[in-house]
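Residue strings, one per chain:
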Amino acid sequence: MRYVARKLGFYLVAAWAAITLNFFLPRLIPGNPVEILMSRLDESGSPPPGEAHRLALLLGVGTGGLFSQYWHYLDALAHFNLGISVTDFPVPVSQVIASALPWTLVLVGTATVISFVVGITLGALAGWKRGTWVDSLIPTTTFLTAIPYFWLALLLLYLLAFVFHVFPLNGGYGASETPGWNWSFIGSAIDHSILPALTIVIASIGGWLLGMRNMTVTTLSDDYVVAAEAKGLSPRRILVGYAARNAVMPSITGFAISLGFVVSGSVAMEYVFSYPGIGYELLQAVNNEDYALAQGIFLVITLAVLAANLIVDLLYGFVDPRTRQSR
Amino acid sequence: MGAAGLAEVAAGDGLGPQDARDVVLRAEHVSVVYDGDSPTRAVRDVSIELRRGEVLGIAGESGCGKSTLAYALMRMLRPPARLAAGRISFSDGTGAAPVDVMALGPEDLRHFRWTKLSMVFQSAMNALNPVTSLRKQFSDIFETHAPEMRRDEREQRSRALLDMVGIDPARISSFPHELSGGMRQRVVIAMALALQPDVVIMDEPTTALDVVVQREILDEIERLREELGFSIVFITHDLSLLLEISDRLAVMYAGEIVEFAPSAEVARAPAHPYTLGLLESFPDMRGARRQLHGIAGSPPSLAGEIAGCAFAPRCGYAFAPCASTTPRLRERSRATGHAAVAGGSSDGQAGRVPQTWSVACHLHDEELCPAGPPRGLDGGELTGDGQVVNRRPDGASEPSAGEERR
Numbered sequence: 017m018r019y020v021a022r023k024l025g026f027y028l029v030a031a032w033a034a035i036t037l038n039f040f041l042p043r044l045i046p047g048n049p050v051e052i053l054m055s056r057l058d059e060s061g062s063p064p065p066g067e068a069h070r071l072a073l074l075l076g077v078g079t080g081g082l083f084s085q086y087w088h089y090l091d092a093l094a095h096f097n098l099g100i101s102v103t104d105f106p107v108p109v110s111q112v113i114a115s116a117l118p119w120t121l122v123l124v125g126t127a128t129v130i131s132f133v134v135g136i137t138l139g140a141l142a143g144w145k146r147g148t149w150v151d152s153l154i155p156t157t158t159f160l161t162a163i164p165y166f167w168l169a170l171l172l173l174y175l176l177a178f179v180f181h182v183f184p185l186n187g188g189y190g191a192s193e194t195p196g197w198n199w200s201f202i203g204s205a206i207d208h209s210i211l212p213a214l215t216i217v218i219a220s221i222g223g224w225l226l227g228m229r230n231m232t233v234t235t236l237s238d239d240y241v242v243a244a245e246a247k248g249l250s251p252r253r254i255l256v257g258y259a260a261r262n263a264v265m266p267s268i269t270g271f272a273i274s275l276g277f278v279v280s281g282s283v284a285m286e287y288v289f290s291y292p293g294i295g296y297e298l299l300q301a302v303n304n305e306d307y308a309l310a311q312g313i314f315l316v317i318t319l320a321v322l323a324a325n326l327i328v329d330l331l332y333g334f335v336d337p338r339t340r341q342s343r
Numbered sequence: 014m015g016a017a018g019l020a021e022v023a024a025g026d027g028l029g030p031q032d033a034r035d036v037v038l039r040a041e042h043v044s045v046v047y048d049g050d051s052p053t054r055a056v057r058d059v060s061i062e063l064r065r066g067e068v069l070g071i072a073g074e075s076g077c078g079k080s081t082l083a084y085a086l087m088r089m090l091r092p093p094a095r096l097a098a099g100r101i102s103f104s105d106g107t108g109a110a111p112v113d114v115m116a117l118g119p120e121d122l123r124h125f126r127w128t129k130l131s132m133v134f135q136s137a138m139n140a141l142n143p144v145t146s147l148r149k150q151f152s153d154i155f156e157t158h159a160p161e162m163r164r165d166e167r168e169q170r171s172r173a174l175l176d177m178v179g180i181d182p183a184r185i186s187s188f189p190h191e192l193s194g195g196m197r198q199r200v201v202i203a204m205a206l207a208l209q210p211d212v213v214i215m216d217e218p219t220t221a222l223d224v225v226v227q228r229e230i231l232d233e234i235e236r237l238r239e240e241l242g243f244s245i246v247f248i249t250h251d252l253s254l255l256l257e258i259s260d261r262l263a264v265m266y267a268g269e270i271v272e273f274a275p276s277a278e279v280a281r282a283p284a285h286p287y288t289l290g291l292l293e294s295f296p297d298m299r300g301a302r303r304q305l306h307g308i309a310g311s312p313p314s315l316a317g318e319i320a321g322c323a324f325a326p327r328c329g330y331a332f333a334p335c336a337s338t339t340p341r342l343r344e345r346s347r348a349t350g351h352a353a354v355a356g357g358s359s360d361g362q363a364g365r366v367p368q369t370w371s372v373a374c375h376l377h378d379e380e381l382c383p384a385g386p387p388r389g390l391d392g393g394e395l396t397g398d399g400q401v402v403n404r405r406p407d408g409a410s411e412p413s414a415g416e417e418r419r
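Residue numbers (our numbering), protein chains in the order written: chain A, 17 to 343; chain B, 14 to 419.
It should be emphasised that the hints constitute simulated quantities derived from the structure, not laboratory data.
All residues carry an ideal CB built from backbone N, CA and C; glycine is no exception.
Check the hints yourself; a few may be wrong.
Simulated restraints on C-beta separations [to be verified]: (1) A/ILE273 to B/GLY194: 50 to 60 Å; (2) A/LEU37 to B/GLN169: 20 to 30 Å; (3) A/ILE210 to B/LEU122: 29 to 39 Å.
Among chain A residues calculated to face chain B with C-beta under 8 Å, some are [as the list claims (entries may be wrong)]: (4) ASP239; (5) TYR240; (6) GLY248; (7) SER250; (8) ARG338.
If you want the ones that stay clear, here's a sample from chain A, every Cβ over 10 Å from chain B, calculated [what the hints assert, rightly or not]: (9) PHE40; (10) ALA243; (11) TYR258; (12) LEU331.
Looking at chain B on its own, in the form it has when it is part of the complex (with noise of 0.2 Å):
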């Protein structure tokens, strides 16, 4: 099974048709290329599902294919990028058809972008127009998506937004550069949410702020999502931000998604190395001081095709198959003993979160890895320095002297 099981696993995995309901946005096999003398294959075949109300968080390094999938979503590559494979549908909740946003006219594209499919930019900072007052860019939302409304509704609803993001409605006469970064931050997220959409993509959103007004726009985000019931697509290189946020969670590396995981569980068990790498990169807050670790090397070009696996020249696991043969996204087996989740943990976990955590490496492959993934990457807790570092959110996991990695 590879990417492409994704969507039949969703509907398979204990939630049955209800879950595949709820599926909001889809995306299947998209593959992203931008042309030139060297195309660059950005984003390789790479499928996620939305669940309406959920957030699912993108993590990866710089360059890695997450702005670009984003802008895939929501059709808006330029030339030189083009999405070269893949199909993307929306579902609205109501039951209607799936929209086929591939098939989408310009009209209809128009219509259905900011109405279903919104998206707070990675530069908050230059995502308001600095000519025109904030009055002016809320209306030209309406007057494009709501020609109905009167002048005085559309001054009333963007009053509206302006304070449900926390800031005073008077300053809607105000210019963007009158705004300070994190203001300008909860404007861009107001206009997002203006229509009232089904699906928010933020792409870094909080990149440029320092972590004090990082903070408090993460919990606005929260709170919004709580009262307005939208969900999030976040993107974001901080993979410390998305296991807090997020409640599941998909890994890239080199345009491909190498882990596809719900987030408290990837946290305080990963699968692929390449995210254990990611996760001993920074300190853990509140678990036992250990020494940080940066993945060596950097990710591979994307010109081109890269045989085996992409991250085999970084990876401290690999062995001989990895060279070779590309390692496909499949879902791991947590029924055979083979990737079993250890320790103490396996009870209440494996019943009670039933996702699906798919993962694209050969550690995980019973032909190719008989002897199981070592430690470290089999589900047993996360260690640093030899220390059993008890990850789980509600701490419920005893730490235990045998669950070395190394």
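The shape of chain A in the complex, shown without the other chains (with noise of 0.2 Å):
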């Protein structure tokens, strides 16, 4: 418990180093960015009263001492209060980001979570039968993730969606449906999100089965392995509790850096699927000169990134007890 304890105190200090970061990095940029925004908005429609002052409390270029604009920079995070998109004026950003997360964080994590499964399963596979047919697999899952993503997202939706009509063209849901907790739409949700999940996992199965079946082979020649070999435990349970489990360690620490940019990671995905997440918005926000919205995604990616983290360093104290602090 005191394990978790501290792992939780250090990520504490972690995100709020990250958030005064988000605060100060701002505030190096030469020039005014409120006034810029300001005449952003002013060209999307009459911003509402005070929305300058808020505007400058949340990039730190507000009036008062540096300390008060940081503590009202504070407690303007502690309300989600990130400001106004410009993008979808006059929507919070907060708001923006709410209703984009779910889709991002649903797709790309599934597809992670599954590349990662099947890649370190075969690749655990591929490694205990070197020379079988699953270690033929290991050159075209290679290729695959050398090809560039955009490239081989638009082949396959050009050819799964436009030719051949298999999926859905675009969007994360079809036009007639509206949001809601109905099976129409979540049907439509998932048959508009297999085609991305299947490209995320196409082009990134190939590093986790690589790496997997290259730690898998280094371990079967480990003494434990040949020791529960000579003890004529099962091969199943040699290669599942002595050779994988070993095998998996770094595999688990990549996995903790690629869950940490699920939420962003996917940018060149939900632009070519024109799928409605965060990477969409953060594009949307790029391209519209929308400080706010940018700055409200990075402060999210930067926290999910440190949430990843802390997730996976906890899975790895239970996984590998070595690196746990002893009693």
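Could you use the hints to bring the two separately framed chains together as a complex?
Okay, structure coming up:
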């Protein structure tokens, strides 16, 4: 339990550091971002009163001492007040993020987990049975990983959606559906998510497979695996409990990193499929010079990376007892 | 008579059929090849027999095939290593027909391992799975080989095993990294004994430990052996250690056994120049102070054939036939005066230990060396620096001035 508490404490400090950095970074940019932002807001319509002040607080260029600005910034964050989006004026940034985040989390998260699990399993098998059909998957998957993602995605989109109409062309759900908890909408959302998920899995599975395969080959010659064999344990038990169990460690670290990028890392996918997720919003924010939205998304991405790392850190302590603090 | 003679000899050396039935593990003409561009013959036509309750030592320099032989005995060879020839049979002492280990199918082999024949590995540090608790690792053994055991029975048995090797049973929840090297070695030994096997192969079980812990572990092994009655194949490069703990000793050189003898006697009077060289390379704790000698040179490459005696280039006693004719392992004929036990030790020793003593050296071949082996290899007392050293464990022999080797 102390292990968990220590980890938690460490990540709280890291989150605070990230938030603080998010506050100070814009202050290092020369010029006055508030004026630029306000002029853009004026183009889209009349901003609500006090928005200039709020923006100033958010970007840390407001009036008052540095410390009071920082305090107001923290206060605004505590109320999820990230300012107003220019792109979707006058929707608050927090609301834009809240509506986009689930799409990305579910789709990219699921795809990443599937890719990891399948890749690790096949990798362990490939290392275990070197030279069999599983092993011959490696060149193929490595090739698919090496292809630029956007090109692979466009190719699959063209073939499976445009030419053969197996999957819908774009979007997160059918145009005729209204978002809500009804089967017709959920079915449509799943239908729209299969192709994007497939492209992510195809593009990333090779890395997991190759890494796991090589680690398995390495652990297979480790003494405890040889000893397990001498003990007459069943091949399945040796593979799962001894070889793969130890070989999976580096992959779990890699998984932590890729989980952190679930939120941010699929801009290309969401762009190709016009998927209504965070990556798509980020792209919109950049195209429209929507600083408030971009900054809000960056903050969410930072926190997501931290959260993912925390989860895997805790998981790692469970998987590898050596990383646990001694009692 | 070559190595093939060992089995026949065992039955006919005075102990009779009783002795033949007492053999628990027998390997005949085992050859192991590491395949490759130049195949390495790591073990060359080796035959050994292990008797019930005995400690058989296998000694030799690094790379002489000791561990490879051990892995072959367990059928644990992995490519590129393969058993090129040989038979390995195991009998459990109940009078049932011996099991042909080479003929076991995968499932039978799995069952055979650890229940009949277990192994303590060279590096105990790494022989335990680093990410699971000792409890889980003991359970793995019982779940596999004794699936009828209930969870609490497994727990109880595991704790008893830990207790048996002198580790607090509460440590069962520990992970390997929480144990010291000596404790890990004890745990590994406890695991090897979990199913009360007939034979435990110990491949350098104490090499990584300091001498104090080494001593503790050896005492522990000896105690357990007396208690449980299993046989041990003890492999090490530490000949002084082997002389102390083993009943019989096989000295390996370049993949072959060059001398196979009762330990107590070989300590006193080795028959092969290589054994002599090994004995001279470490100090005798109780004996007189003497000059230590290493064996100059290094073992030959095991790729391809070796013409003549493999040890000849390093041997101080080499003579003409050694370069061309390969000596075969043959029983020392102590009955002829050829390798007669010299000095005052002949009466008591020859009659008391009716065990075979085989040596692969032309010096002991009557036809090639009619004059008999030189002093020092003829069964006389080992000497060093002109001093006769008393190596008899019972100390009965009197040092005599006439037994200088050189």
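B/LEU122 and A/ILE210 - C-beta distance against the hinted 29 to 39 Å: Roughly 46 Å apart at Cβ, these two residues miss the hinted range, so it is violated.
Proposed interface contact between A/GLY248 and chain B, which counts if any beta carbon pair is under 8 Å: At about 4 Å, which falls below the 8 Å cut-off, the nearest Cβ of chain B leaves the hint on A/GLY248 intact, so it holds.
Hint validity - A/TYR240 Cβ closer than 8 Å to any chain B Cβ: holds (5 Å)
Range agreement (Cβ of B/GLN169 with Cβ of A/LEU37, hint 20 to 30 Å): violated (57 Å)
Outcome for the supplied range 50 to 60 Å, where the beta carbon pair is A/ILE273 and B/GLY194: The hint (50 to 60 Å, Cβ to Cβ) is violated, given that A/ILE273 and B/GLY194 are roughly 35 Å apart.
Evaluation of the interface hint that places A/ARG338 against chain B, nearest CB under 8 Å: holds (5 Å)
A/TYR258 and chain B, when compared Cβ to Cβ, separated by more than 10 Å: violated (5 Å)
Proposed interface contact between A/SER250 and chain B, which counts if any beta carbon pair is under 8 Å: holds (6 Å)
Reported absence of A/PHE40 from the contact zone with chain B (all CB gaps over 10 Å): The claim holds: A/PHE40 sits with its nearest Cβ about 42 Å from chain B, beyond 10 Å.
Cβ separation check - A/LEU331 to all of chain B, threshold 10 Å: The assertion about A/LEU331 holds, with a minimum of 13 Å to chain B.
A/ALA243 and chain B, when compared Cβ to Cβ, separated by more than 10 Å: violated (4 Å)
Chain B contact restraint for A/ASP239 - C-beta distance below 8 Å: It holds, given that the least Cβ distance between A/ASP239 and chain B is near 4 Å, below 8 Å.
Consistency note: the structure conflicts with the earlier hints numbered 1, 2, 3, 10 and 11.
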